Amino acid sequence: MIGEVDEALRTLVREAVDSPDVEVVLDAPTKDWAARRNAPTVDVYLYDLREDLRRRTRGELANRVEGKVSARYQPPRHFRLSYLVTAWTQRPEDEHRLVDSVLRHLLRFDALPVRVLDEQLAAAGARVPLFVGLPPPEDRGFADVWTALGGELKPSIDVVVDVPVLTPVSAPVGPPVEAGLRLDLADRDGDAADVGAHKHAPPPERKARSRRAR
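Start counting the sequence shown at 10; every next residue gets the next number (my numbering).
Hints are supplied without guarantee of correctness; some may be wrong.
[Unchecked claim] Quick list of the computed label-pair ranges, beta carbon to beta carbon: (1) Glu-60 <-> Arg-191: 45 to 53 Å; (2) Asp-127 <-> Gly-150: 14 to 22 Å; (3) Asp-30 <-> Pro-84: 39 to 47 Å; (4) Arg-100 <-> Asp-61: 33 to 41 Å; (5) Arg-124 <-> Arg-191: 22 to 30 Å; (6) Ala-44 <-> Leu-175: 23 to 31 Å; (7) Leu-175 <-> Ala-152: 33 to 41 Å; (8) Arg-191 <-> Ala-120: 45 to 53 Å; (9) Pro-164 <-> Asp-27: 31 to 39 Å; (10) Gly-150 <-> Leu-116: 21 to 29 Å; (11) Gly-150 <-> Val-123: 48 to 56 Å; (12) Gly-150 <-> Ala-44: 19 to 27 Å; (13) Leu-116 <-> Asp-153: 23 to 31 Å; (14) Pro-29 <-> Asp-127: 39 to 47 Å.
Honestly, the hints are just simulated from the structure, not real lab data. Since we're looking at a predicted model, the values are computed, not measured. The beta-carbon is built from N, C-alpha and C at its ideal position, and this holds for glycine as well.
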């Protein structure tokens, strides 16, 4: 899951900068890392991962083959991946231009486009929402992130991807019921004659319906 989202965001950022001279990396932007940078770089750093509890659903989903339930499995869980996107060059003006290019490009999408999704998500038709410029989680501010990294606060874009995680574990089900319904009736109060086992049969098709079908 994380690797697929990493590559999807890197693809979108490369489209935004549109320059072979700008590197797009996933490194933690620590002070030592920044000191080793010798080329223009856009860093897409994953700093937070948590489940989106608002999108959790109960129950089970059914996998049907030829109209019959073959297995049941848990619905997907949704996780919010938060990225800190920053630009690193020798001049602040160049950094601002890179950040601006990335911001303008990402704002075109409210979800990751299908062309950057991995085969499993694309085949399932899953929608992966993309949020740009949201405030950080209540329990974690940008200053806290930079303090943990040991670096100085600088302009950044907060990008959040809400990705579904498909659970591979499925529960087998019993064979489908194909026999007709049988009712066993018994009179407990009176002398009713209609007792014993009865098999329910579907009502016969009407002639008018068969004529319309022709």
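Hints, verified against the model:
no.: 1; hint: Glu-60 <-> Arg-191: 45 to 53 Å; verdict: 47 Å, holds
no.: 2; hint: Asp-127 <-> Gly-150: 14 to 22 Å; verdict: 32 Å, violated
no.: 3; hint: Asp-30 <-> Pro-84: 39 to 47 Å; verdict: 45 Å, holds
no.: 4; hint: Arg-100 <-> Asp-61: 33 to 41 Å; verdict: 38 Å, holds
no.: 5; hint: Arg-124 <-> Arg-191: 22 to 30 Å; verdict: 55 Å, violated
no.: 6; hint: Ala-44 <-> Leu-175: 23 to 31 Å; verdict: 41 Å, violated
no.: 7; hint: Leu-175 <-> Ala-152: 33 to 41 Å; verdict: 36 Å, holds
no.: 8; hint: Arg-191 <-> Ala-120: 45 to 53 Å; verdict: 51 Å, holds
no.: 9; hint: Pro-164 <-> Asp-27: 31 to 39 Å; verdict: 20 Å, violated
no.: 10; hint: Gly-150 <-> Leu-116: 21 to 29 Å; verdict: 23 Å, holds
no.: 11; hint: Gly-150 <-> Val-123: 48 to 56 Å; verdict: 34 Å, violated
no.: 12; hint: Gly-150 <-> Ala-44: 19 to 27 Å; verdict: 25 Å, holds
no.: 13; hint: Leu-116 <-> Asp-153: 23 to 31 Å; verdict: 26 Å, holds
no.: 14; hint: Pro-29 <-> Asp-127: 39 to 47 Å; verdict: 25 Å, violated
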